[in-house]
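Peer 1: So for the sequence shown, my numbering puts the first residue at 63; every next one is plus one.
Among the clues, some could well be false.
To be verified - Distance ranges between label pairs, derived from CB positions:
no.	residue 1	residue 2	range
1	Asp-72	Thr-298	25 to 31 Å
2	Glu-282	Lys-111	24 to 30 Å
3	Glu-240	Met-379	48 to 54 Å
4	Asp-380	Glu-240	49 to 55 Å
5	Asp-127	Thr-298	47 to 53 Å
What the hints assert, rightly or not - Subject to a maximum C-alpha distance of 20 Å in a straight line, what follows is the list of computed EDC-like cross-link-like pairs (lysine to aspartate or glutamate):
no.	residue 1	residue 2
6	Lys-280	Asp-237
7	Lys-239	Asp-259
8	Lys-270	Glu-248
9	Lys-93	Glu-83
10	Lys-179	Asp-72
11	Lys-176	Glu-282
12	Lys-196	Asp-340
13	Lys-176	Asp-247
14	Lys-171	Asp-158
15	Lys-179	Glu-162
16	Lys-280	Asp-303
17	Lys-279	Asp-127
18	Lys-196	Asp-114
19	Lys-179	Asp-114
20	Lys-241	Asp-303
21	Lys-233	Asp-330
22	Lys-176	Asp-78
23	Lys-129	Asp-78
24	Lys-241	Asp-230
In case anyone wonders, no lab produced these hints; they're calculated from the structure. Even for Gly, the Cβ is constructed at its ideal location relative to N, Cα and C.
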Amino acid sequence: MSKVVGFFCDNADQVDAAATETRIRQEDYPKLLQQDEQIVMAFVGRSGKGRDSFLFTTRRLILIDRKGLTGNKTEFVIIPNSSIQAFSVETAGTMDSDAELTIYAQGMKTTKLKFCKGIDVFALHHHLNTVVLKEGFTGAAVPVKDNESASGNSALFSWIGDDNTQIDAAKVEQDLKEKQVLLQDEHVSLAFKSGRDSFLLSSHRLFKINVQGVTGKKAEYFTITWPSIRAFSIETAGSFDNDTELLLFTNLSGMTRINMDFRKGKSDIFAVQRFISDKLLGMDTVDPSANANAAKSGVFSTVTSVFSWAGDDSKMMDAVKMNKQYHSDPPLLQTC
């Protein structure tokens, strides 16, 4: 039944990669593949009976779209593995007829591919892990504070607000490696959970797991590579707030901002800030600098100070004093 539904919904089914490569090299498109390029996974539309193909190779993703009645007009969309900035794999749920893959690549709109229910989406996810996360770099050691107990009201409002609570990163890493969701040389430094959903900061990526549906069989595994993060901000909780916030600014098409809320007293927002800073700015491995400029605070008259305060004008502060403060309270700066 799923094959029939897949045919009419134009869902792709997996076919033999080696046979597909042989046919392309010898018959269909002899000049398409490079000599040392190999097809790792191959899919054909309409449950394997269609004309369109998705080819995942050691170097790129090739989308072959045959058009017109005869199929002589053909479009080849080439997405190099090195151009993929993020990707999302979504498993099929109990009532769904398809699994989905979304690719975020440089210079183009998001690419969505649908597959027949029953294909091994985790094998596809592992392939993308292997070819996209090649340049993963080790993150700095991030201190994680012990979770504090939250009051009943705080827990209630955090549940309503969908706030994340910090959880054991080592256990999460072990579970996901057993399921082959993470790479073997990948390490989870910080992990958070909100209901059934998870948010991870690892040595290779930012990783979001979104469990959907009543049974939880439908789940999205969303990978965001570190180079796609262009800037970020954090916001601490106030006296009447029940959450802290992280806002990521990315260069992903259609997803330039990603917002995450964290439960007050149950997550270390400055550990998140420090880890992301180390990933984007480079690991902080040197001793504290003794060469900060000792700029003196400006001296203003009372009248000038009043107008400056009313106009929200900035005043120069002592750089040495500020340097010392923001290494400890709050711990915002790197050591260097």
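Peer 1: Going through the earlier hints one by one, which of them does the structure break, listed in rising order?
Peer 2: Violated hints: 1, 13, 14, 16, 17, 18, 20 and 23; rest satisfied.
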